[in-house]
Amino acid sequence: MHILDAKIISNKNIAKDIYLLSCEAEEIASEARPGQFLMLKLNLPLPYILRRPFSICLTNIEKNELFILYKIRGKITGHMSRLKEGERISVMGPLGNGFDIPSNTSRIILLGGGIGVAPLISLLPIYNKGITFIAGYSSAKEYVDIKRIVKGDYTYIVCTEDGSIGHRGTCIDAFRDYMERPLSDNTVVLSCGPMPMLRKISEISKRLNIACYVSLETYMGCGMGLCQGCVIRTQHGYIRICKAGPVFKSEDICWNQA
Amino acid sequence: MLESGINLEVDLGFVKLKNPVIAASGTFGYGDEIAEHVDVSRLGGFVTKGLSIRPREGNPPPRICETPCGILNSIGLENIGIERFITDKLPRIKDLNTAIIVNIFGEGLEEYARAAEMLKGIKEIAAIEINISCPNVKKGGILFGTDPKLSAQVTEAVLKNSDKPVIVKLSPNVTDITVIAKAVEKAGAHAISLINTLRGMAIDIEGRRPVLGNIQGGLSGPAIKPVALYLTYQVVQNVNIPVIGGGGIVDYKDALEFLIVGARAVQVGTANLIDPRTTHQIIDGIKNYCLKSSISDIQEIIGSLITDLTQKYT
Numbered sequence: 001m002h003i004l005d006a007k008i009i010s011n012k013n014i015a016k017d018i019y020l021l022s023c024e025a026e027e028i029a030s031e032a033r034p035g036q037f038l039m040l041k042l043n044l045p046l047p048y049i050l051r052r053p054f055s056i057c058l059t060n061i062e063k064n065e066l067f068i069l070y071k072i073r074g075k076i077t078g079h080m081s082r083l084k085e086g087e088r089i090s091v092m093g094p095l096g097n098g099f100d101i102p103s104n105t106s107r108i109i110l111l112g113g114g115i116g117v118a119p120l121i122s123l124l125p126i127y128n129k130g131i132t133f134i135a136g137y138s139s140a141k142e143y144v145d146i147k148r149i150v151k152g153d154y155t156y157i158v159c160t161e162d163g164s165i166g167h168r169g170t171c172i173d174a175f176r177d178y179m180e181r182p183l184s185d186n187t188v189v190l191s192c193g194p195m196p197m198l199r200k201i202s203e204i205s206k207r208l209n210i211a212c213y214v215s216l217e218t219y220m221g222c223g224m225g226l227c228q229g230c231v232i233r234t235q236h237g238y239i240r241i242c243k244a245g246p247v248f249k250s251e252d253i254c255w256n257q258a
Numbered sequence: 259m260l261e262s263g264i265n266l267e268v269d270l271g272f273v274k275l276k277n278p279v280i281a282a283s284g285t286f287g288y289g290d291e292i293a294e295h296v297d298v299s300r301l302g303g304f305v306t307k308g309l310s311i312r313p314r315e316g317n318p319p320p321r322i323c324e325t326p327c328g329i330l331n332s333i334g335l336e337n338i339g340i341e342r343f344i345t346d347k348l349p350r351i352k353d354l355n356t357a358i359i360v361n362i363f364g365e366g367l368e369e370y371a372r373a374a375e376m377l378k379g380i381k382e383i384a385a386i387e388i389n390i391s392c393p394n395v396k397k398g399g400i401l402f403g404t405d406p407k408l409s410a411q412v413t414e415a416v417l418k419n420s421d422k423p424v425i426v427k428l429s430p431n432v433t434d435i436t437v438i439a440k441a442v443e444k445a446g447a448h449a450i451s452l453i454n455t456l457r458g459m460a461i462d463i464e465g466r467r468p469v470l471g472n473i474q475g476g477l478s479g480p481a482i483k484p485v486a487l488y489l490t491y492q493v494v495q496n497v498n499i500p501v502i503g504g505g506g507i508v509d510y511k512d513a514l515e516f517l518i519v520g521a522r523a524v525q526v527g528t529a530n531l532i533d534p535r536t537t538h539q540i541i542d543g544i545k546n547y548c549l550k551s552s553i554s555d556i557q558e559i560i561g562s563l564i565t566d567l568t569q570k571y572t
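Protein chains in written order, with this note's numbering: chain B, 1 to 258; chain Y, 259 to 572.
Don't take every hint at face value.
As the list claims (entries may be wrong) - No farther apart than 30 Å at their CA atoms in a straight line, the calculated lysine-lysine pairs in the DSBU-like style are these: (1) B:K75 x B:K129; (2) Y:K352 x B:K7; (3) Y:K440 x B:K41; (4) Y:K545 x Y:K511; (5) B:K249 x Y:K347; (6) Y:K570 x Y:K274; (7) B:K206 x B:K75; (8) B:K243 x B:K75; (9) Y:K545 x Y:K352; (10) B:K243 x Y:K352; (11) B:K75 x Y:K511; (12) B:K41 x Y:K545; (13) Y:K511 x Y:K570; (14) Y:K444 x B:K243.
To be verified - Non-contacting residues of chain Y with respect to chain B, defined by C-beta distances greater than 12 Å in every case (computed): (15) V273; (16) K276; (17) E315; (18) C323; (19) V508; (20) G543; (21) K550.
Said to hold, decoys possible - Covered stretches of chain B, going by a simulated chain Y footprint (3 or more residues, C-beta under 8 Å): (22) 18-30; (23) 132-143.
No lab work stands behind these hints: they were computed from the structure. Glycine is no exception: its CB is placed at the ideal position from the N, C-alpha and C atoms.
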């Protein structure tokens, strides 16, 4: 884990309220694994004090670059969207466990809801060809053209709730349709998005008897396991999302209490 | 410890700290995980997460939220229990070369006493800090900390069952903190630490629900510093045992304020969550302040408050 004053290389608006920020953070970029996260602190005066968690979207080790895909949600992300090239942010990371994909996996399905696509993108440069990426957005305005972020032969299925681009419906609908075809053994589903979506994905995966991992998004105090603020109820009791997660086997989560 | 010719060592009577900066309970885990990231040996000491005789799973989430200049938490004293602390954590922290203070609490006098007893004979523990001030649990905690008689009884019960110096951590959620401070001093406490969090709450106006799963929580961070500082000042004026001050300290200037009003050492809490190197920066900052002000010993700062305001600046 490192804490760096990272220089911003670019901060581009790529969809409605969605930005792709890249910064120079050598030690973090070289150590980061897909699915891990960062705690960011902008150079803001009080009243803001805590860092905020963000997924690592991509790394470019040759250029010591870290990419963060984020959505404007509140005041801090609002400030973040106005950061310019050359400015600095404090980046702490890499944190958390990341995706641990079983070695005998023959097919990977990524399921992202809205900005939940961010951590899943980090898997594309590694697995690329065998991957099917299903992403759901509310409309074409929020659509993230992932193929422009990571090129490759993976399949990108897009759906929007209003049908303004791709299939009409949610990514849960698209997932259901997709899973009707014959499945190869050792299929793994990796998902990130709002809690109700993850609960549904978990149910479907369980019914189809396929391995499912979820990356949980939550408010965090420290991101290092110190405060015990970000727990989730699991089969083993309350577990710190920042330390034991953010990626969990979906069957470990007590969904009725999450 | 002599660092660049400046003596930062403070003597609490029962233990000497290499400097006056202590990491506060609940913001430093059990010391083992954070030791992977920062050099804990530089600290005067650290206080463990509050421990009870049995493991506790804590309050339902959400447990933490940010409010202006502060954070509200309702962790609910989640902890692994003293037994597992001794078997799993102690071996990993005992050689960290800093004062280890173990924070304990219970749901009744017997549990406090038993907790103290379970830590008997462990020479690596420099002191016990009794939490009589947690606002986030229904039984125990603050119930004791708001009543001078009960505060004294808990202190006595722990002292009777312990071979360690005892620090009592006071709650700010009282009408007159000096009454409680004097009560625990009389009961035999070796030192007082303060403040624990201030009771507070936050509402999600869209859902018209409390933000915290426990409805109410404890406020910490810069928002509470002026309150903490005044309470520390008041307690220092009213007791003769060492006082460890804290509440909202984020930098060396904050720490100095507490030392100037007479705190023998300071506790840094919430700031650790933002940057685990904060305690180091505070130690360095105090050292630089001493250098700049030609102060060779931290003792020259402790309790150096000038209240005669006719006295001119020198």
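Structure-based check of all given hints:
1. B:K75 x B:K129: violated (38 Å)
2. Y:K352 x B:K7: violated (39 Å)
3. Y:K440 x B:K41: With Cα atoms ~42 Å apart, K440 (chain Y) and K41 (chain B) exceed 30 Å; violated.
4. Y:K545 x Y:K511: holds (11 Å)
5. B:K249 x Y:K347: Between K249 (chain B) and K347 (chain Y) the Cα gap is close to 27 Å, so the pair holds against 30 Å.
6. Y:K570 x Y:K274: Not OK: K570 (chain Y) and K274 (chain Y) at ~35 Å, beyond 30 Å, violated.
7. B:K206 x B:K75: violated (38 Å)
8. B:K243 x B:K75: With Cα atoms ~26 Å apart, K243 (chain B) and K75 (chain B) stay inside 30 Å; holds.
9. Y:K545 x Y:K352: Roughly 27 Å between the alpha carbons, so the hint for K545 (chain Y) and K352 (chain Y) holds.
10. B:K243 x Y:K352: holds (23 Å)
11. B:K75 x Y:K511: Since the Cα atoms of K75 (chain B) and K511 (chain Y) sit roughly 28 Å apart, the hinted pair holds (cutoff 30 Å).
12. B:K41 x Y:K545: holds (27 Å)
13. Y:K511 x Y:K570: Roughly 22 Å between the alpha carbons, so the hint for K511 (chain Y) and K570 (chain Y) holds.
14. Y:K444 x B:K243: violated (43 Å)
15. V273: Holds, because the least Cβ-Cβ distance between V273 (chain Y) and chain B comes to about 24 Å, which exceeds 12 Å.
16. K276: At roughly 22 Å from the nearest Cβ of chain B, K276 (chain Y) sits farther out than 12 Å, so the non-interface label holds.
17. E315: violated (5 Å)
18. C323: violated (7 Å)
19. V508: violated (8 Å)
20. G543: Consistent with the label, G543 (chain Y) stays out of reach of chain B, its closest Cβ about 17 Å off (over 12 Å).
21. K550: For K550 (chain Y), whose nearest Cβ neighbour in chain B is about 25 Å away, the distance exceeds 12 Å, so it holds.
22. 18-30: The restraint on the stretch 18-30 of chain B is violated, since only 0 of its residues have a Cβ under 8 Å from chain Y and three are required.
23. 132-143: violated (count 0)
Of the numbered hints listed earlier, those contradicted by the structure are 1, 2, 3, 6, 7, 14, 17, 18, 19, 22, 23.
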